[in-house]
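Once you have looked at the hints, place chains Y, G and C on chain R.
Number of protein chains: 4
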Amino acid sequence: MKTPLEIVQLMLEKDAFSQLLGIEVLQISEGSCQLSMTVSKELLNGFHIAHGGICYSLADSALAFAANSYGFQSVSIETSISHVKKVLENDRLTATVKELNKTFKSGLYEVTVTNQHQEPVAFFKGTVLISSKIW
Amino acid sequence: MKTPLEIVQLMLEKDAFSQLLGIEVLQISEGSCQLSMTVSKELLNGFHIAHGGICYSLADSALAFAANSYGFQSVSIETSISHVKKVLENDRLTATVKELNKTFKSGLYEVTVTNQHQEPVAFFKGTVLISSKIW
Amino acid sequence: MKTPLEIVQLMLEKDAFSQLLGIEVLQISEGSCQLSMTVSKELLNGFHIAHGGICYSLADSALAFAANSYGFQSVSIETSISHVKKVLENDRLTATVKELNKTFKSGLYEVTVTNQHQEPVAFFKGTVLISSKIW
Amino acid sequence: MKTPLEIVQLMLEKDAFSQLLGIEVLQISEGSCQLSMTVSKELLNGFHIAHGGICYSLADSALAFAANSYGFQSVSIETSISHVKKVLENDRLTATVKELNKTFKSGLYEVTVTNQHQEPVAFFKGTVLISSKIW
Numbered sequence: 001m002k003t004p005l006e007i008v009q010l011m012l013e014k015d016a017f018s019q020l021l022g023i024e025v026l027q028i029s030e031g032s033c034q035l036s037m038t039v040s041k042e043l044l045n046g047f048h049i050a051h052g053g054i055c056y057s058l059a060d061s062a063l064a065f066a067a068n069s070y071g072f073q074s075v076s077i078e079t080s081i082s083h084v085k086k087v088l089e090n091d092r093l094t095a096t097v098k099e100l101n102k103t104f105k106s107g108l109y110e111v112t113v114t115n116q117h118q119e120p121v122a123f124f125k126g127t128v129l130i131s132s133k134i135w
Numbered sequence: 001m002k003t004p005l006e007i008v009q010l011m012l013e014k015d016a017f018s019q020l021l022g023i024e025v026l027q028i029s030e031g032s033c034q035l036s037m038t039v040s041k042e043l044l045n046g047f048h049i050a051h052g053g054i055c056y057s058l059a060d061s062a063l064a065f066a067a068n069s070y071g072f073q074s075v076s077i078e079t080s081i082s083h084v085k086k087v088l089e090n091d092r093l094t095a096t097v098k099e100l101n102k103t104f105k106s107g108l109y110e111v112t113v114t115n116q117h118q119e120p121v122a123f124f125k126g127t128v129l130i131s132s133k134i135w
Numbered sequence: 001m002k003t004p005l006e007i008v009q010l011m012l013e014k015d016a017f018s019q020l021l022g023i024e025v026l027q028i029s030e031g032s033c034q035l036s037m038t039v040s041k042e043l044l045n046g047f048h049i050a051h052g053g054i055c056y057s058l059a060d061s062a063l064a065f066a067a068n069s070y071g072f073q074s075v076s077i078e079t080s081i082s083h084v085k086k087v088l089e090n091d092r093l094t095a096t097v098k099e100l101n102k103t104f105k106s107g108l109y110e111v112t113v114t115n116q117h118q119e120p121v122a123f124f125k126g127t128v129l130i131s132s133k134i135w
Numbered sequence: 001m002k003t004p005l006e007i008v009q010l011m012l013e014k015d016a017f018s019q020l021l022g023i024e025v026l027q028i029s030e031g032s033c034q035l036s037m038t039v040s041k042e043l044l045n046g047f048h049i050a051h052g053g054i055c056y057s058l059a060d061s062a063l064a065f066a067a068n069s070y071g072f073q074s075v076s077i078e079t080s081i082s083h084v085k086k087v088l089e090n091d092r093l094t095a096t097v098k099e100l101n102k103t104f105k106s107g108l109y110e111v112t113v114t115n116q117h118q119e120p121v122a123f124f125k126g127t128v129l130i131s132s133k134i135w
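Residue numbers (the working numbering), protein chains in the order written: chain R, 1 to 135; chain Y, 1 to 135; chain G, 1 to 135; chain C, 1 to 135.
Bound conformation, chain R alone (with noise of 0.2 Å):
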């Protein structure tokens, strides 16, 4: 069986979308993760704030790798965002994932995204559908 990081190497390899991101991984570990990634110029919309796809982005692909840690394939079927603060060019953002619930066919994750000073900009939370498959 994989390890969490090796389950996490193989679905950023080849991740277009997320190197355009720049997600850096910090943290990964069965049922937990935490990314990052700085907001570029080309990531502001008009208004010079970050789209709300981007903290959406950030906090799904942390759910996908908490989630897929066990080594099991799963795939998010329901996730859901409230965007509370705005986000600005260079803020620096962290995803941390807590797990709420796990059962052998389906998990219940928590996102929250903060910024460079600690504040949350963003509450997620996603469940998630557990294959038999093995990564």
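Since the hints were made in silico from the structure, they are not lab data. Predicted, not measured: the structure shown is a model, and the values here were computed from it. Built from N, CA and C at the ideal position, the CB exists for glycine as well. One or more of the hints may lead you astray.
Covered stretches of chain C (in silico footprint by chain G; criterion: 3 or more residues with CB under 8 Å from a CB of chain G, positions within the stretch not fixed) [unchecked claim]:
hint	stretch
1	1-15
2	103-116
Below, in silico cross-link-like pairs of lysine-lysine (PhoX-like), each with a Cα-Cα straight-line distance of 25 Å or less [said to hold, decoys possible]:
hint	chain 1	residue 1	chain 2	residue 2
3	C	Lys86	C	Lys2
4	Y	Lys133	R	Lys86
5	Y	Lys102	G	Lys85
6	C	Lys86	C	Lys41
7	G	Lys105	Y	Lys85
8	R	Lys98	C	Lys98
9	C	Lys41	Y	Lys105
10	Y	Lys86	R	Lys133
Just chains Y, G and C, lined up with the frame of chain R:
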């Protein structure tokens, strides 16, 4: 008061991330919006499918345009999305907004994202807060 | 294999809470369900409007019946609801289920709750996990 | 201006549904609330477990009390709940509110419902709209 189209043009102007996604406006009117984009190679993950953040970003933009089209500045405060079908390279995505409810303070919108075969790939729901600030 | 109606009868049998709510089945078929109830005095809060839990309960029951009607035991794993209109005493509520997506492992359903004037009072979305256990 | 406790008393007064559920207030202060109830026989479904609407109703009441405790009338506009453990007859449920975010117009709250063994049975998230009307 500006027209819906003038407001969307203001919102899209200098919008680097929308340009990166290649978002096009098919239709815009009060409470309604239809956007389209083609999934380019740089929006794929390591498994050659679009990152979940792509559909989210398209739907979130469609929500923002529909909600702001009445002329009052609006921000989303809660959004959720269920991804139901894989999105591949060169897929042509269309996001269509349906207004479920609107008061003078908040709005509730449903956005369906379909591919070029008219198959739904994601169902999105968003709640917006309407301010008294005029565009 | 049992019919959708037989399954719902099994689910409703000895169901104390549904009897308390006064839930009636208007229609049931695979992936579809319509329920109705009248808001009695004991379901009101101190402001003479129905508690948010009433619409939720009706919609959640409709989701459960629609999802289980295929013959495989299913449980909801994520549900959300937006209340858009006050529900008063003696209002006649109807919950109508629309299946948005179904695989052999999960399903996504939308439930609209309307009052006797055909006005929507709540929009509900639910994700279910489908087991291999037969009713 | 009324105190949080005075506001909750006003909200609970003549509240038939809360009395039916047997809701008790364990703690109330600005942005915070803890409620408790015991699951009686009449709240069970045909499978001898509590209907999903029970946990929802308890969490929704806790949200309402926490959000209104600041003295301004607030209504929930979006709520979601994930049920993670079966609730049985005589289970003692406790709902605990955590405020995730608050502006002068809206608030975001998380409510965790646990049983008498301190096991989480449901995770609830709610967004409220804050009016300028004073209690």
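Next on the checklist: Of the numbered hints stated earlier in the document, which are not met by this structure?
Outcome noted: Checked against the structure, the hints that fail are numbers 2, 3, 9, while the rest are satisfied.
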